[in-house]
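Enquirer: Chains as they are written, first to last, in the numbering used here: chain A, 218 to 565; chain B, 41 to 529.
In short, the hints are calculated from the structure, not lab data. Just so you know, even glycine gets a beta-carbon here, dropped at the ideal spot from N, CA and C. Among the clues, some could well be false.
To be verified - Calculated lysine to aspartate or glutamate pairs in the EDC-like style (CA-CA distance at most 20 Å, straight line):
(1) B/K104 with A/D300
(2) A/K252 with B/E307
(3) A/K252 with B/D373
(4) A/K255 with B/E479
(5) A/K310 with A/D300
As the list claims (entries may be wrong) - Some but not every residue of chain A turned toward chain B, in silico, with C-beta under 8 Å:
(6) N245
(7) P248
(8) I403
(9) F406
(10) F429
(11) L502
To be verified - Pair by pair, the computed Cβ-Cβ distance ranges are:
(12) A/K414 with B/V55: 23 to 33 Å
(13) B/G473 with A/K414: 42 to 52 Å
(14) A/K414 with B/T282: 17 to 27 Å
(15) B/Y424 with A/G471: 44 to 54 Å
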Amino acid sequence: MGLFILRRLGVMIVTALCLTFIVFFLTNLYPNLEKLAKSQGNVRMSDEAVSSFLDKRGYLDPMPVKFGRWLGVVPGWVTQSPDGTVTGRCFAKDAPPEQRPTFCGVLQGNWGQSTVFKDDVGSIVLDRLGKTGTLMGFVLLVMVPASLIVGVLAGMREGSALDRSLSTFSIATTATPEYVSGVIFIAVFSSSAFGLKWFKGSARSAMEDITFENFTLPVLTIALYGMGYIARMTRASMTEVMTTQYIRTARLKGVSFGNIVLKHALRNALIAPFTVIMLQIPWLLNGVVIVETLFNYRGFGWVLVQAAGGNDIELLLAVSVVSVIVVLLTQLISDIGYVLLNPRIRIS
Amino acid sequence: MEPLIWTGTLSGLNVAFFAVAAALAVSVVARMVFAVFGPAAARPGVNSDGTLTGPVGVTGVLSKAVRYSFSALATLVLIYVLGGVILGTRAGIVGGLARNMLPVWIVLIVLFAVSITFKRKLGLYGKLFDSTIGMIGFALVMFWVVTGIMGGAFDMLITHDPLSQFPGMKNKLPGTPLSGAGEQDYQWFLLGGDNLARDVFSRLIKGAWIVVKIAPMATLFAFMVGITLGLPAGYYGGRLDTFLSFLANLILAFPVILLFYLLVTPEIVATGIPNFMAAVLFAFPIIFCAVLLNARYFTQPALRTPLLIVVLGGLVWTYLALISNNGSIVANDSYRIPGLPAALDWIDMGSGLLTVFVAVVFVNAPTVFRIVRGLALDIKTRDYVAAAQTRGEGPWYIMLWEILPNARGPLIVDFCLRIGYTTILLGTLGFFGLGLESESPDWGTTINSGRQLLSIYPHAAMAPAFALMTLVLGLNLLADGLREESLRD
């Protein structure tokens, strides 16, 4: 088991490295750098001004060198301008020479500077992750119990009218992406055209103070799309369990149907949905990006959109590192959890 | 001229419609509640002569209520549509829509009549018409497909030009008469005007064409890539499998939206990277077909060689036409790779559309790869594969002519689901304003431009939202019906 986890961690690091390099490569292509220079400096910069701007900041060095700098295995760039002032990646302009480190990258704990937000990347990401974490927490709190209940109810009598109604409901939710359900929710529950105005169409105020009024719609929007899939997996697992021998034995013994479902079937039926729920979390991240944009909730997903729109290289790299970790960590947890929950499987 | 109301002269039916809809909702909920908390499974009633009747007691009453209210609702909808076709805009907005969609209704009725008549001779497709869910799904999908083809390719159905702006029609509500309309103009904006004073209805129909055009093709390409790589990965295993699986997981670990932003922005398009990706990804169907035919017919060179020349010739021409634009594959300031000359380029795909296409194929292919690999891993242990190996068949013959046909059931179902997912992805791209021009009528872009005014004028965003939802719902129901029917044998 220990070896298994170690191997998975190794794969995780290699994946993260490859992925960040791809992001690094794409964001460092010359047209992107030109856009960056023009947005940082002056929109009407000449081509020479752009290249000198980029050259001074080390953007024009070879790709592996730049990537090494970001990682912290290659010394950061230091430029001396004609008037004698020295600027560098690793230190502020007025830092005394003895306080100028040579290496500053991710390995040294320095995630760089965001060019869009003019702030330290590490603190932006941590701060926004907290906001998104709250949103995700509420989503899971709504989505997981609801989908498990729907799935178990649908799966306990396969083919019944209840099963058909609930299955159609779960298919309908998977067919409604966040930007559709979000738009419909806002239009119906918060627009003046329908006149209901039960909730707020923007979650901006939820960043300071979460209320039922401003947080219901975003949570519901994400939860609804994720729900159908988990419910269908739970249903499949439940119908499988309900046809096993031991359930038939219990039924022949005269155990009541309620007891069969709650005491005999439920525990075995919930093993498969556990993995599905874990694997669903990275998908939620996608929904989070859409919902945060739609409801103007400034969390991690909103930062991703802003960073991608402004070609904010170091912020994008941090964002992709975080999402790779989320993806691979949830995979790892789902594998380990599956083994722990299901005594029939052993990893040798 | 008066603005149209929703149902016009048929408004008398509205009370009945809402009453029946409420009855349906109540009876469905009651049946569900009763199924959970009521006594155990309903038994059929036994008549005195020994025959059985349907479930009796409360369950029986409730299922009857659901059935009757559902039929009543369906009948009412039919009356609205028929009345609309006959009365036109005198039956309000619904009537106007129904009249405008008349060619679509005719095609759908003919399609269903023919399919149901010959359903026993049509294989899996025919069996679809045995399941209600499958039929509903098929009807929804075909509605949008027919609408897209008629409206987009033949310029039927639409009432106004989807790109031109009509003065005085900005953000107007559904049913507003067109101000300053001439004699031959259509007199109303059936679904209202958007924030640039364009007709929402016509844009909706043009948007359907974009989806119908891209989503199935992109899914097909993703399947070609996934199958061509997934079969050897599953069949051979080993290093190849490890490497390809790692690549697939790498792409899957990307947040989809970040990937879209990285691939579809104008700066990246200027470097030509999407064109190179198109050149690689679109080559897979050619490889697939070449290997497929060669594996089967290489023992009969007299048949194989002409067949390959004809098929590959056509495919390569299509391939070149797809990836070249204005006579070049990549054209930017620093370099240019020449492609097919414009005279031979019969597929007119703008670079924006091409980029969107590539991005969607790229995102979908790894998932297909994983499914195919899993199926191949499972099927390669079967006896008929061992028999083929003993006969001395080549590995590609076994993969493509023994394993692939036996994996078709799950693949067809996934194909339907994946078209739906691709539609969602296209909408996502439009929602973030990536790829297509901002005036493009596709549904995602329209939702994006409509959401700024959502709390005051929601109609401009609601129409494409409902359209996208019904299309994807139709595809999912279709997949469900297919799965049910293919499991039945």
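Enquirer: With reference to the structure, classify each hint as holding or not holding.
Expert: Status of each hint after checking the structure:
1. B/K104 with A/D300: violated (90 Å)
2. A/K252 with B/E307: holds (8 Å)
3. A/K252 with B/D373: holds (16 Å)
4. A/K255 with B/E479: violated (26 Å)
5. A/K310 with A/D300: Given pair A/K310, A/D300 holds - Cα atoms ~13 Å apart, limit 20 Å.
6. N245: violated (11 Å)
7. P248: holds (4 Å)
8. I403: holds (5 Å)
9. F406: violated (10 Å)
10. F429: violated (19 Å)
11. L502: Constraint on A/L502 satisfied, holds at 6 Å.
12. A/K414 with B/V55: 23 to 33 Å: holds (26 Å)
13. B/G473 with A/K414: 42 to 52 Å: At 28 Å between Cβs, range violated.
14. A/K414 with B/T282: 17 to 27 Å: Since A/K414 and B/T282 have Cβ atoms about 56 Å apart, the given range 17 to 27 Å is violated.
15. B/Y424 with A/G471: 44 to 54 Å: holds (46 Å)
Going down the numbered hints, you'll see the structure goes against 1, 4, 6, 9, 10, 13 and 14, while the others check out.
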